[in-house]
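Protein chains: 2
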Amino acid sequence: MADSENRIDSGISRRRLLGTAGATGLALGAVGGAAGYATASSNSPDAAASLTSLGADRVMFHGKHQPGITSPMQSRGHLIAFDLAPGAGRKEAAALMRRWSATARRLMAGETLGDSDTDVARDAGPSSLTLTFGFGHSFFSRTGLEKQRPTALDPLPDFFSDHLDKARSNGDLWVQIGANDALVAFHALRAVQRDAGEAARVRWQMNGFNRSPGATSHPMTARNLMGQIDGTNNPKPADADFDKRIFVPASGAPAWMADGSYAVVRRIRMLLDDWDKLSGKAQDDVIGRKKSDGAPLTGGAETTEPDLEKTGADGKLVIPINAHARITRPDQNGGAAMVRRPFSYHDGIGHDGVPDAGLLFICWQADPLRGFVPVQRKLDRGDALSDFIRHESSGLFAVPGGAGEGEYVGQALLEAY
Amino acid sequence: MADSENRIDSGISRRRLLGTAGATGLALGAVGGAAGYATASSNSPDAAASLTSLGADRVMFHGKHQPGITSPMQSRGHLIAFDLAPGAGRKEAAALMRRWSATARRLMAGETLGDSDTDVARDAGPSSLTLTFGFGHSFFSRTGLEKQRPTALDPLPDFFSDHLDKARSNGDLWVQIGANDALVAFHALRAVQRDAGEAARVRWQMNGFNRSPGATSHPMTARNLMGQIDGTNNPKPADADFDKRIFVPASGAPAWMADGSYAVVRRIRMLLDDWDKLSGKAQDDVIGRKKSDGAPLTGGAETTEPDLEKTGADGKLVIPINAHARITRPDQNGGAAMVRRPFSYHDGIGHDGVPDAGLLFICWQADPLRGFVPVQRKLDRGDALSDFIRHESSGLFAVPGGAGEGEYVGQALLEAY
Chain A
1 MADSENRIDS GISRRRLLGT AGATGLALGA VGGAAGYATA SSNSPDAAAS
51 LTSLGADRVM FHGKHQPGIT SPMQSRGHLI AFDLAPGAGR KEAAALMRRW
101 SATARRLMAG ETLGDSDTDV ARDAGPSSLT LTFGFGHSFF SRTGLEKQRP
151 TALDPLPDFF SDHLDKARSN GDLWVQIGAN DALVAFHALR AVQRDAGEAA
201 RVRWQMNGFN RSPGATSHPM TARNLMGQID GTNNPKPADA DFDKRIFVPA
251 SGAPAWMADG SYAVVRRIRM LLDDWDKLSG KAQDDVIGRK KSDGAPLTGG
301 AETTEPDLEK TGADGKLVIP INAHARITRP DQNGGAAMVR RPFSYHDGIG
351 HDGVPDAGLL FICWQADPLR GFVPVQRKLD RGDALSDFIR HESSGLFAVP
401 GGAGEGEYVG QALLEAY
Chain B
1 MADSENRIDS GISRRRLLGT AGATGLALGA VGGAAGYATA SSNSPDAAAS
51 LTSLGADRVM FHGKHQPGIT SPMQSRGHLI AFDLAPGAGR KEAAALMRRW
101 SATARRLMAG ETLGDSDTDV ARDAGPSSLT LTFGFGHSFF SRTGLEKQRP
151 TALDPLPDFF SDHLDKARSN GDLWVQIGAN DALVAFHALR AVQRDAGEAA
201 RVRWQMNGFN RSPGATSHPM TARNLMGQID GTNNPKPADA DFDKRIFVPA
251 SGAPAWMADG SYAVVRRIRM LLDDWDKLSG KAQDDVIGRK KSDGAPLTGG
301 AETTEPDLEK TGADGKLVIP INAHARITRP DQNGGAAMVR RPFSYHDGIG
351 HDGVPDAGLL FICWQADPLR GFVPVQRKLD RGDALSDFIR HESSGLFAVP
401 GGAGEGEYVG QALLEAY
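Line by line, the protein sequences give chains A and B. In terms of UniProt numbering, the first sequence opens at residue 1 and continues consecutively. In terms of UniProt numbering, the second sequence opens at residue 1 and continues consecutively.
All clues given are correct.
Since the list gives no way to pick one copy over another, a pair counts as held whenever it fits inside one copy or between any two copies.
Taking lysine to aspartate or glutamate pairs in the DMTMM-like style, the calculated list, with each CA pair at most 20 Å apart, reads:
hint, residue 1, residue 2
1, Lys277, Asp115
2, Lys64, Asp241
3, Lys91, Glu407
4, Lys91, Glu198
5, Lys277, Asp119
6, Lys64, Asp243
7, Lys281, Asp119
8, Lys91, Glu146
9, Lys316, Asp285
10, Lys64, Glu405
11, Lys166, Asp352
12, Lys236, Asp367
13, Lys277, Glu198
14, Lys310, Asp285
15, Lys281, Asp115
It is worth saying that the hints were derived from the structure and are not from the lab.
Throw the hints in and build the complete structure from the sequences for me.
Following this line, the structure appears as structure tokens:
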């Protein structure tokens, strides 16, 4: 996943970071502790360690797009959905989005929240924290904004293989949190929950993770809990049509979604005990790629184009007709494209020995009907992988464009109509 | 937490690490992917990133003590307890400990498990992975080794404030897994579960986390989910009596526990909504230390000795009589000492908005009756913190000394009697 324009590169020096914080009026006392990433008090014997780029890296809150879409994947993530409380409407929603935006801006800059801060992230740098906000289908009727509801938010079709828990699906409001430190992420999650106050109630919440930066020499495409390389065919920001496929154009409709994107969120449980029983060859056939290095079964390396027509000595297709990688190829789906930016999840192993683990699949596209939906329709009918996964919850959210200085996310929707 | 003798410092070069792997007979093919931390195939455009010390750092499996006791805390942890399966006894237990030790040695060195490997950690370095193995009270009757059961494993006393879930407490066998990468940790967890095979069944399993290395300039004492600095008063390996307090002496009893330690494991739920409602001053009074920098309320810095007798202008003790830090002071507990090496946990926020979060408290001592028990007895009677926490599960495990080359953990118990 390449840099987004929001991102400050890892080359940022700690001095510069502190300078930025100082410029925003943050007190950096000699005693330490006033800032989120302040140094330990100097007479502590443990004060020698320094903040690495992992801690110092930050992503900008303000920008054309919201952060957390093209930002590099972080090692820890939280998803949380809220429903507006009974009696809360457009006014309360606008106030909440204003609070959330202010919190996101401050935390992503490594600032504290002052007296209301729980101190869980104290001493830590922003650690590439991102907060991303979206609106679900039900948000618009709750706020009297039905006329502004994009048709792209029409409910996803039912898929044959779905086993959806409605209580863990959708929601009026959705927040995605990611950071390279678990306490920084948890701190942000609790701040988001506190900001909700009386205006909104938690509908569902999920935790996820990815590789830690530096743990692998191959970080750009991650492995999932099946051991597969995931994300090889993601559109790249350098692609000519990347913006068109992922973001609603500035002139798009509805106008308040300019530079926004649509997120499809699926909690996909992996039936790991069944999967792990397959031979390596059988696993490769399910995917159509070699698990070892992600190369197509027709040869080459991870980034080599698969030869979908190639047959073996036995006359059979080398990449089986129901291989996952064949079915998800954009050229097999009318050019459908989305950026997949998932987290793995693992909610423990039960007394029965079965892990509750899999993928918090999150994909981003300018139009779900040209991204997730056609691909999932094909997977639903004939994906060899479907025997080993189960879609357990689903969400679809309109994620507005980024907030400019002094603005809050969703302001164009909540104040313009 | 200082280095253990098992630890290879972060200065280890990647070349040296690869060299070590090569020496153990691991194939490092030009195509990449054969080793757990092999480079990506060279024609991948994503291959540029290099393994940092986070990924390359490793802890030695073989040593005087098992790893994971004095090793630096890792950012991700799993605890898993097993009961021996019906019909499984000493022989099956010995074979299982042999399998687990072999797996731990290989994974901690960054090797793969060959054809049975799930590939989840593929491309990643060992990332400071540790696996630590212990035996619970019930293990000894199941294996006909009652006479070798240490009195130190006698069940912990009931505490007034306990709310223990027996199904998530104790167990015949216990494994602690830690790593600085979540997929490396998950990979090891699944390998441990696979090794259990027909010999043992999962009793309970929990996930935890700590700060990521580099996320903070103050890593030696961690913050917990209450925002408190935790671990300030931990015994340090440089202390003259450290070994005596934490490890069973080489001449200790029973002989098979030479250089071993006892782990007390408590899942301590934090009532964060109640806690977060307190003012900063009220929180400081509960703990007896300033949340900001961990300094005692009587002044100084985190490492300053608290003045337990000091009174304020109002004649009251500055550090309240029921302050957590007062009650847990070793000099208030007959010198009781233990090394606390916990993980935080967060198993999600429920529909009621309440987080299931807190501390996987793990402490290490040569004798629980001179470590955890006297301290918890005092906390049980008068700790101001007890209104904000709830002990939900409990375990006590005998953790044998480290395995030498060619040995497995627990061999002295399982083969000598």
